[in-house]
Amino acid sequence: MTAEAIIERCRDLVTQPLGAVAEQWKTRHPGGKVVAVYPVWAPAEVIHAAGMLPLSLLGGGTSVELTHADARFQSFVCSIAKSTLELGFQGLVKGVDGFVYSNICDVARNLSSIYQRNFQDVFVEYLHLPQNSTSPSVAVYCASELRRLAAGFEQALGLGVTPMALSKSIDVYNALRARLRAFYAFRIAEPQKLSTVDLYVVLRAATLVPPEEAIPSLDTLLAELPQRSARPRDRLRVVIEGAFCEQPPIGLLEVLEEAGCYVVEDDLLLGWRWITGDVAGEGDPYDRLGAAYVNQAVPSSTRHEGREHRSVGLIEKVRRANAQAVIFMPAKFCEPALFDYVLMRQGLERAGIPHMLVEFEEKMWTFERTRNEIETFVESMMFD
Amino acid sequence: MVTAGIDIGHESVNVVVLHDDGILGHATLVISGEVGAAARLAFETTLGRLGVARASIQRIFATGVGRENVTLADGHRTQMLSHARGAHWWFPGARTVVDVGAEGNRVMRCDARGSLTDFALNDKCAAGSGVFLETVAGMLDIPIADMGALSLRGSSDVVLTSTCAVFAESEIVAEIHRGTPREDILRGVNDSIVSRIAATSRRVGIEPDLVLTGGVARNAGIVQALREQLEMDVAVPEHPEITGALGAALLAREPAGAA
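Chains as they are written, first to last, in this note's numbering: chain A, 1 to 384; chain B, 1 to 259.
Be a bit skeptical, because a hint or two may be false.
Which stretches of chain B does chain A cover? Using the computed rule of at least three CB atoms under 8 angstroms from a CB of chain A, they are [unchecked claim]: (1) 104–117; (2) 172–186.
Label-pair restraints from in silico Cβ distances [said to hold, decoys possible]: (3) A/Arg109 to B/Gly179: 52 to 58 angstroms; (4) B/Val173 to A/Ser75: 43 to 49 angstroms; (5) A/Phe76 to B/Ala53: 55 to 61 angstroms; (6) B/Met139 to A/Trp365: 27 to 33 angstroms; (7) B/Leu50 to A/Asn322: 44 to 50 angstroms; (8) B/Gly205 to A/Ala351: 17 to 23 angstroms; (9) A/Thr2 to B/Gly138: 58 to 64 angstroms; (10) B/Ile23 to A/Ala223: 56 to 62 angstroms; (11) B/Gly205 to A/Asn132: 36 to 42 angstroms.
Here are a few chain A residues that sit away from chain B, every Cβ distance over 10 angstroms (derived from the structure) [as the list claims (entries may be wrong)]: (12) Asp70; (13) Phe76; (14) Leu92; (15) Pro130; (16) Ala156; (17) Thr162; (18) Ser167; (19) Arg237; (20) Val279; (21) Arg369; (22) Thr376.
It should be emphasised that the hints constitute simulated quantities derived from the structure, not laboratory data.
Backbone N, C-alpha and C fix where the C-beta goes; we use that ideal spot for every residue, glycine too.
Looking at chain B on its own, in the form it has when it is part of the complex (with noise of 0.2 angstroms):
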């Protein structure tokens, strides 16, 4: 059975072609103007891509904050069910996902089948997400996929809070006029997300194996602060950004999975 996961995000479409030997291919295009024809353009570009024909996919669900908008799809599931299906599949002795994307972070809870248990979304504005990542990465004017591993030179000296992104930026700002290394602030940066990270883990309760989603996983700083602030280890799959598209493909795949 060949199926497809189409994952909304907040900046980016994310896209995963599913046959029964695992992924047939996935893309990730940047979102600009409608929900609903971002994510036909995106799926149209990984067909494709692909060389796969439309009428190849038996069964398309859509996942993420546009769901509902995505007419091409047979049906929608949510971000925290597909992820946890997808973290599944990459690792099948998860227990708790951590997904951090653009808008914010969300925990889920799963069993040995991948079925949600629990979950939290963070509930303090934008602290403990992508964006606010991106804002710092403008500020210290570094390119986003460098700061990882800037932030792992960085000391533990620089403190920011974690319950408001103004309020760290104004924090960060007086940082940068102190003339404090941009590895040390990056350091500092990481903390406060992943403390955010870890406060809305502990109300679903964390048991391994853990595995961080979403595109931000692909930043080594955030990883190596979850596994100091966690005291546990942290799997991260080959395309953390791709999880919820292939939870979706996955649950599409699944009898119950009525549109």
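Isolated chain A (complex conformation) (with noise of 0.2 angstroms):
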């Protein structure tokens, strides 16, 4: 199969509803459950090893109106909660069995409740993810969450999770993951032939299908993107920050890179991504996992990490990618991404590293208005 058809065939997965997703593998699996993730993280590892397919959960995108959710939540409420909400209304994630939340906000913490209201033929857990980075205990605590999930899944869908399946599906997810970052490798090395659209619905699509089934297309896809021609051109190279839970409109990105840039690093679908290489370590797998957690994760603005300055982690990204400047996308009202820009902004200014900001909401679907700030933004660095 050819990059452009792999590429194609995840375009048309990620633009289908969750729920029709579930019952496709559904009825290819009979009798198996499927559990959908919220961002930013959750242990993918522990639902593929009860047997089921682990979902990303990421709203309703551009083609969900809002008809139930407005009346739930307040009006500064982020986008993503609210079609999330929606989604679950409108039937469209039926044939999803469970949901997996966690604490990185506010509002996902009261998200989860909500889902538990409103929706109680399905299992809804919530995950109380460590936010202190430095006391000792951390990692244990986090594989006690761990396996609090993993017997919740066994007590509500009836499937357990033994520690030699644990370990196994660490190796798979190992594996995605190694894949995963030699795409935004190779991106860093030659962004004409790879662009942010068409990464982006790969890694998405890579969210929607078993581990197995993803990692052999994204093998053929690797092998055959440095045989795509494309002249470099004259654009900037930027880092996108602040996208890591509600996901910027397809829309968006293709604009960005109409301006003038190439984005050679982001932080979409950023919990996919979250552990930076294999989970270390020999032992107990639940251990491991939660330690990894701590200890091999990216920086991110939904934890707290104690042990070095919030812009310490975006400059290295921006000097390992050799980019020229930072764009901060934040969702409108996403409260940990627009609390760390303060702190992000400050570090890049110290850097002496060109940013700037541009909000967006999922429904967005007018862009004339970041279209001209961003060209303006690549013109002010590329033409002064």
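Once you've looked at the hints, go ahead and assemble the two chains, each given alone in its own frame, into the complex.
Below, the structure written as structure tokens:
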């Protein structure tokens, strides 16, 4: 299969309702269960080890009109929370048996409760992930939360997780993450051959199929990409930061590139790349996964990192990707991203790295103002 | 070197022809129809008035909202970069440039070379824009050209919302019904528009010298309100509406100015 055909297939998959994706998998796996995970991170390995299909739960995107959720949330709540709830009311996640939320922000915390109250025929779990990174017992605590989640699956859905199965699932997701890292490394090296829109749909599609199915396609694509012919253009190399939960519309990513940027790093779908290398160590798989969550994690606005200033990881990312600027792209009303914006902005200014702020909503449909701002930013750096 | 800049606005197109000694000529035409055709007509009209042949123009840059559709141009640049360049040409001490156009306002910070260092656009509908002023002129049955002078005679008793042009219009209707003098309403309108502009300006920081560009800069009431709210002198170019086109013509001169 050619690179274009694989990407087209991914593009088609990511436009399907989550419930339809779940039902299609269940048709091929009679009796199987599907669990959807809300951003940012959730242990897909634990879901997979129970024999279930983990799916990313990313709201309604551009296609879902809010007819119920607006009545249940305040106007200052981010779009992904509202549209995720709307998916439930409109039956667009019918076929999904469980939902996992975590303590990334107050809205997500309450969304979990609202889901439990409104949809009592599905399993809803809320993970209390550790916020403290420096305590010696934090990894142990994280592992205990993962065990609690596995016990919840067994009790509610009748599917248990054995240590051996979890170890195998960790290996499979290590392999998947290695491929995703390879894509990101390729884009840093040759951004003209892999647009951010293409990478995004490939990555997102990989969160909608079993990892064993995704990996061969990703390998084919990785082998095909270097053969693409594309001449490098005089564009601004930028890092996108802040879109780790609610996802920007694809149209916005297109505008970024059309306006003269090569996006060489981003935090889109960050949870699926949360662990930066293979999950380390040997022994109890819950302990290994808990330790990886704490000690092998990407910097994120949804977890307090007491060991270094919030801007350090971002500046490292800029340097590693040989980027020239940062585009902060938080969703409207995203408190974690907007709180950290101040810290990151200060750090970038101390390091002399130019930046700009572009807020978005998942249902944003007109991009002219944003295009104008980005073009101005690009021009101010390239023609001055 | 002779260059030209074409600035496509929401309502008008401005053309500047620039040579080494300064502005050779300029023109402003109201847009009707497709942007590319309007730009061509304005450009050819300007050349005709000046008696300059097309072949003598070495480079043409377009700017403004429909800049990509100006096919006769050799390249294009954004409004904000163009206005910063143009304002700096008029006033080399310019460090903050406020452009108030038909559909919105934008604020640019620039350095001693006229290079753009930061910018912000208004984000509240038509509040703080020229179109709002036109609407008010229609409501009060006053020629736009007279609005500034009239407003300077008004008192500051009328306070209007600055966040929504539609709400502001409702408030103006209420003031008209109350019998409030037109001068006072106009003063309130100017204060409302300028508070929106001031809010945008404060997002990027304001440093003197401050230059006001765009057609709205011809409104003396707006200029006065801006001076009062920002507590700063406000410089206005001789032809504020052509600043973007001038900037585009200046950018067309630059070696890095590839299309």
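Quiz prompt | List of violated hint numbers, smallest to largest | solution = Numbers 2, 4, 21, 22 - these are the hints that the structure violates, sorted from lowest upward.
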